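Fit chain B to the known structure of chain R by using the hints.
Heads up: the protein sequence lines correspond to chains R and B, in order.
With the working numbering, letter number 355 in the first sequence gets 355, and the count goes up by one each step, no holes.
Position in the second sequence (from 1) plus 433 gives the number in the working numbering.
Simulated from the structure, these hints should not be mistaken for laboratory data.
Just so we're clear, the structure is a prediction, and the values are computed from it rather than from any experiment.
Using N, Cα and C, we set each Cβ at its ideal position, and we do this for glycine too.
Some residues of chain R that are not near chain B, with every Cβ distance over 10 Å (derived):
(1) A33
(2) H57
(3) I195
(4) E344
(5) A374
(6) Y382
(7) E399
(8) I413
Some chain B residues near chain R, calculated using beta-carbon distances under 7 Å:
(9) L450
(10) H483
(11) C504
(12) T506
(13) I509
(14) P523
(15) G524
(16) Y528
(17) Y529
(18) Y531
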Amino acid sequence: MSNSDELDIIVVGAGLSGLSCGYELAKAGLQVAILERGDMAGTKNLSGGKLYLEPVHEFCDDFLKDAPFERPVVSESIILTDESSSVSCRLDCREDSGFPNSVTVLMNPLVKHLAKKVSEKGALILPQQKVDELIWKNGKVIGVKIGSEVLNARVIVLADGVLSFLAQETGLRPEHLTRLYGLGIKEIIQLDSAIIEDRFNLPSGLGASRMFVGKITQGLPGGGFIYTNSNSLSIGIVVHLEAIQDWKSDKEIWELLEAFKSRPDVAPLLSGGKTVEYGAHLIPEGGFKNLPKPGIPGLLLVGDAAGFVLNTGSTLRGMDLALVSGVLAAKSIKEAAKKNFSSEVCLNHYQQVLKKNFIINQMKRYKKASDLLALQRLYNRYPHRMVRLTQEMFMVNSEGKSTSFGKMVRKFIFKVFGWRGLRDIWRLIRLGS
Amino acid sequence: MAVNKAGIMKIEDKVALCSIKHHKDSHIQLDEEACKNCETKICVISCPAHLYTIEPESGKLKVDHTGCLECGTCKIICPKRAVTWKYPEPGFGIYYRYG
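Here chain B stands alone, though its shape is the one from the complex:
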């Protein structure tokens, strides 16, 4: 749901500014069964990097770990406890240059 109004940045562009070295294996795993039965999809709303999206055709929830800011919000906020979230492996993940 990127906004294109003048002066407003798209979230994808903001995340692209970050220095992130992503591992080929995701550090975020979803319990697909639990997600399928979840009505809140609170992860979609609350992820500050907009990594959670629902595939239009299948209605399936997916997560793109490559832009993860490592805040941990999705893990804590998921009412179904369906998010398994670990720190990325050493040498990978976000590198805050300013912080």
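Extracted from the complex, chain R is given alone in its bound form:
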């Protein structure tokens, strides 16, 4: 194949990371083709539905301008769940900072919109292209194979998502292991926008995020969420895959979501709504310790394919890391382009900018999170006891007595948590510090 047939860059996957990367490259006048296995960009993507904007602001301001977000989140809560009762800690933020920290999103309309922007900048987005394998020459990746067809490029960017069979082929990522993944299951429930605002106590056009921990995952490490979209709710659960493997239950995993939806403290929020879509997706949850090297000569990994997901216990972030890693990869490629696409410059630069920016340093900071968050007692014992104690706090017994504040505090320390629990709390507090 002659040099004229060679593209500058091939991006595999038109999701958030592939598109943010393609956008930056096309803007710089480089020749980019983005290969997408779906019928069009956005049809194979699924996310929980909450995107943290603050961290991507600096990198994707222009790219995300006019993006079809659902609602800026102004109400956040964490809810500890027992069998049928719950205790919640809720923040209703009414300060107008002019810029939302996070927004709720639906992937299909968002990705579709972004893909259009990328095309307008001159990148070629080719749908229905499933890359079967990589093409190598002298230890360097030089192209991709689609069926019997070969496409060559100076740099290949793998943005092919959490399963990334291609990253596995390179040896950068280990064989799929359960401890490296979480399973997310989600439903979209259509509901009138006025009803959503009424039920979630929201000003017009603004949104809520509800995180649930405890009984809803039957003691399995994980949690549940409800996010308000413009005219629908995203409701789902995330469970660690390794825990499902050892799960002793007569239930199937999909039943957890049904049980969550029918809880007496959740069902009224969904009442009258109509389920319009059901989906499932894996989440890379290996954390810092399991991060692969982000590339090899001729190839870079971005987004989920690189394992860029940050779980801090109170936030589970992937989409912002995907967007930013795509931009960083593009910067490195632009840098390498000045030096005849030197694969050494490209990879070194990418490793450096990843370290300098929040992706690697935040993931490193939370490197102990995955072990701590795998402790089952965080999901069964503590939430259950917190609900019981809070119930007691508000109770008056037949003798007219209520529990004194001092007694509550003692119970909180010794009964709810105990020494081991206090140590767990200490470890949770210390996470990220």
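Frame of chain R; chain B shown alone:
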């Protein structure tokens, strides 16, 4: 194991809501020998679309690829590495309209 209690949706009905164009050939293959000797049947429990079932008479494990949500759980969770799972061919499989 669909639950019929009021207010709870059957999994078949949930999967039916999804826009899926299925290929006549399955993108999921099982190693029948390995499955026969597997006691966990973890695929049955963990598939979010309830695609894995055990035939009551023969006790044989089978998978219906037509409702696949393309999460990949079965491939990763199988302790026998008996699931060969590939992306469906272009133009086929799940089409998330909301995501």
